[in-house]
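Asks: Listed here are the chains, written in short residue letters.
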Amino acid sequence: MSLIKVIGNKKTVVLTALSTAFASVSVFAQETAVTATTTANTPEAKVDMDAIYKSVIFYSLIFLSFCLFVAIVGRAIRIYELTREVQGKPAAINWNKVNASLFALFLLIGLYGVYWEYTVHGSMLLPDASSEHGRKIDEMFNLTLIITTIVFIVTHILLFAFAYFYKHSAKRRAYFYPHNNTIEKIWTIAPALVLTVLVLMGFLTWRSIFYKTEDPNNKALQVEVISEQFAWQIRYPGSDGIVGDRNYKLTTGANVLGIDFKDKNSRDDQMADELWLPVNKPVKVILGSKDVIHSFYLPHFRVQLNTVPGMRTYFEFTPTVTTQQMKEKMNDPAFEYVLLCSKICGQGHYNMQKRVRVVTEQEYAEWIKQQPEWLNDDLRKAFNLPASAKPVTAAPAAAADTTAKDSTTNQPKAATI
Amino acid sequence: MVTSLPKQTGNYDMKPKKFIVWLFVVSSTIMFGGWTSYYLVFSGSKGKGHGLVLPDVFIYSTLVLLASSVCLFLASRARHKSTSLQKRYLLLTILLGLVFAYLQYSAWAQMSLGGAYFINNNAGISMIYVFTLFHSLHIIAGLGLIISAFFGAGKVSAERNGYRMEIASIFWHFIDILWIYLYVFLLLNR
Amino acid sequence: MSTIAIHDTHHDHHDHGHHKETFLTKYIFSQDHKMIAKQFLITGIIMAVIAMGLSILFRIQLAWPDKSFPFLETFLGKWAEGGRIKPDFYLALVTIHGTIMVFFVLTAGLSGTFSNLLIPLQLGARDMASPFLNMLSYWFFFMACAIMMGSFFVQTGPASAGWTVYPPLSALPKAVTGSGLGMTLWLISMVLFVASSLMGGINYVSTVLNMRTKGMDLWKMPLTIWAFFLTAILGILSFPVLVAGVVLLIFDRSFGTSFYLSDIVFGTQILPNEGGSPILWQHLFWFLGHPEVYIVIMPALGISSEVISVNARKPIFGYHAMVYSLIGITVLSFIVWGHHMFVTGMNPLLGGVFMITTLIIAVPSAVKTFNYLATLWRGNIRFTPAMLFAIGLVSFFISGGLTGIFLGNASLDINLHDTYFVVAHFHLVMGSAAIFGMLAGVYHWYPKMFGRMMNAKLGYLHFWLTFISAYLVFFPLHFLGLDGVPRRYYVFTEFEFMRKWLTVNVFVTWAAILGALAQVAFLWNFFYSIFKGKKAPQNPWEANTLEWTTPVEHLHGNWPGEIPTVYRWPYDYSKPGHDEDFIPQTIPFSQTMSSNLPHDFEGNEEAERIQREWDAQNPPAEQKAPLH
Ligand code: HEM
Ligand SMILES: [Cu+2]
Ligand SMILES: [Cu+2]
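Chains as they are written, first to last, in the numbering used here: chain A, 42 to 458; chain B, 158 to 347; chain C, 19 to 646.
Just so you know, these hints were derived from the structure itself, not from any lab.
Computed list of lysine-lysine pairs in DSSO-like fashion (alpha-carbon distance at most 27 Å, straight line): (1) A:Lys305 x A:Lys290; (2) A:Lys325 x B:Lys203; (3) B:Lys203 x A:Lys253; (4) C:Lys96 x A:Lys95.
Using the sequences and the hints given, assemble the complete structure.
Replies: Structure below.
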């Protein structure tokens, strides 16, 4: 009797399924009609819209028939089992066995899947780091990857193998084994030791990245990069090698960065459309933001640091591979380094890019000469500076102490108009 | 529903409920802890605090609050002896609580007159307002508890009376200590 | 003893007095913990379905960025003009998806359901410490959900600054449209939500500490209760900090204070705010945020401990170690928040410190994993749907935990932060693992909640489809991250190097759609079985814990007579010498003389002596029926 009831239910299910399908068909049909009329004159709007509708309907029908299929199969199994039960035979399907075997199967396919992922997707990753510290990071990464992969594989083999081998059997009893202090100690201490090694290495790498000792013979090139929605502004330090002060209160249409030209160091600062970096020379990027938090991200160099309004942040690194070399290495003439924004910053977040070029020292020197200065005649007037004053005495770049000034550049000065 | 239970059961419900008040005290402390640590990090990184001479009203309000705590304590003690005495002390506590609230308000007025507005480029000053505002919200809640104890006194069973008194006391003394903490904190971190 | 008896009389009285419960007090403003649990669960499921739908929407955008889907315009109106989701709406979808999943589904839906259901039932209490607060907790949660969903209907759209709502983006309507009214609603919703969580958490802690039945000392509590208890403590200690942060953000947004804002210029428009620091929000947020991820996973771990032990017919391996590792996680999770801020430019020394604490927290997590494996070893595993999900949880917890080791290493995080690698990490360890824990709980305690059984075969189908599709979705995402693809990107077409991932995105989206459709099997099973499922026996899984000693029919106060007394820990499964493979907690040792072990008596010499005498009389060769 209950069977009949259920079959009756099935009917209603089918009916509802079909009616939903029809409903959606008709809705979509109307839809096409409407959009067809409204967008008839925009040329690109006609892109195989019908095909999309058809595919939506198609897929929903597939899904519905799949549901139906599942329902029917479920019903069949149920009837089969019931008949076995009525006949007093043992259960036909041992679901424990089914699931255990599925776990075993999942393990095998999963292992192959992991292998496939590691080799196929694993070969699509970023090339080796193009910076000094980046290589250390890559080494650490590889070490961590090896350790974690081993643990990953071993634990999963255990997990699914146990699931397979210890599936339920009425003949067996589980082994009462509530604890074993020795084993527990071992597997507390072993991961602790491994992690200690990782922590130590990570800590040393981290320190070497953020605590740089200044090499007087190879001073870092200062470059300021300022983010705003949704662009990057670049400021090179000019001949004095020092990026001058900035005060957001001075921002005007002519002075978009709010550069404070009262500061002599600002007057020779140059603007640039691309971030050019001389190879094998340390560069210290000074980061700031005009509006919201962005993140200065150079994946190829393993460099990332947030740019925060009201705060100056620094990242020092040394590019080691020029763009040209990279093109050859990757065998891709179109290769370029990129700068992207990796902190959610609004609707244009996905497209906040700048090209980065690593070039030889000579190329850099050539290029930087052609970059315009931020200070133009209008700004000179605004800051009461002599109209055609020669650039501030070109102090030899080496003499300027690049870091000592940082503390002063840090303090935005009060606006004076 | 609970109130209609035979009176023995009051005892049974009480311990967990009192515990709830304690836990509330803990989480509230942590909320203020969040703000005071905001303040510390803020003043640490900017090298400055609110930089104000706090209005004298705060001294008076502190004294008033302390006095109210004492009254509440006396009320608790009096409840075994005489309901009317208990009620009188409770009334006094409520009055003092209201005076405290008024004093806090006048402290705001005084600060604003002195140019230290809530909307301020020194987040330290804004923080004084946040402290006092949220502390005052606690005062309102605390007054609610005391008022319920006040109206319960003599009406509900001795057990429930004691229970209400206890809850009100835990909370009110907590508010008291919290305020002293905040005040001292502000004095120390100018 | 006497108090319990007295309470029982109260109880009868109470039942008689309330025979005519109205629909309103029974189903809507119920103060009964079991009903409130169901309310939490069903609301949680509805929110999960909504959040899943949102994720399918933005997965469609990621997979086919150039195609237009006119039916999206039908659903979303101006947010998808021309059948394409707009960038700011994309961000809104991501934000609300994350918020709903983390807070409403995995915090309220998970803790709310199972703490409410199981704490009184497994501890032997009539109800929560304060049933009224409990009811309030649900209704605050409900309001939070309603307001959050309401933000879809405001003109400027829902909050869209990511679920972490970092200011200034979240503080300034100028920065993104979602930071207008939508963000205000988000904040209001969050305050209500935190209030709800606090009321819930306070109630749970108080109940656990004060209302255990006779004999139920802390070391006899099931691991579920330990997990809920520690989760509640975490919540009490961390949620207030979120409130503190949110309040300041509200002031910044609506009143013009400068707690988080300073030096901000839009184009050439200079904002008056000065002196604040956006980093401080991050500290306050992550001081909650990191414990929050454990608030999410710990109940799931507790549930799976119970489910694995019951269905492997074996005691959980290393019960004490399991508890200590939960405690360790609880404590440590308060000192690791900085690992979300390695690249904010905070003091690098701090970064080093947080790296150390973060990697330490991996140790207790590892211990738990190994203990699960040891529990399965030589078990007699019954693959109920709940067990399948619990095993799935272990798998995800391993996979996601291991990627945490990369992220916890500050040096590696430089390149991984805010990329798809993080997305993959937390979806495995938090998304998938915790959801699987929740589903395991639903399948396991469904008979307790609704008095009926769910269909096991549909459960198998549901599990396998979900398990496979979750891995198909999240495993490849790691590689996007390793290639430097940042998260929260609306399209990948603007960068040359990301184009190669477009096909992967299509694949992932199809896998996600498969996973979403698989949930139909669950939803059907869940709602159908409420009315038509097979009637449940009292103890369908042959489990030891107290909840299975209550009658199938729900009643106020849970047990018709006296609350049972507890004599033993909850994991006496397959104990040698006992005829059945489980011994409920309510069976005294005097009834199981043939299976008692020396350490069962915890140094009670009298009991040990009796046992010795009994052993002398009953040589183990011929196992006798247990004496009385
Ligand atoms: C082995 C233990 C774990 C370690 C070492 C670890 C480490 C980390 C780290 C360092 C991050 C920050 C990554 C970044 O933003 O760059 C992170 C993110 C995250 N983790 Fe874990 N984690 C662990 C376990 C967990 C667990 C158990 C959960 C949840 C139940 C979880 C959920 C999350 C979430 C949600 C995020 C992303 C937050 C965001 O939106 O930025 N993690 N994890
Ligand atoms: Cu950006
Ligand atoms: Cu974390």
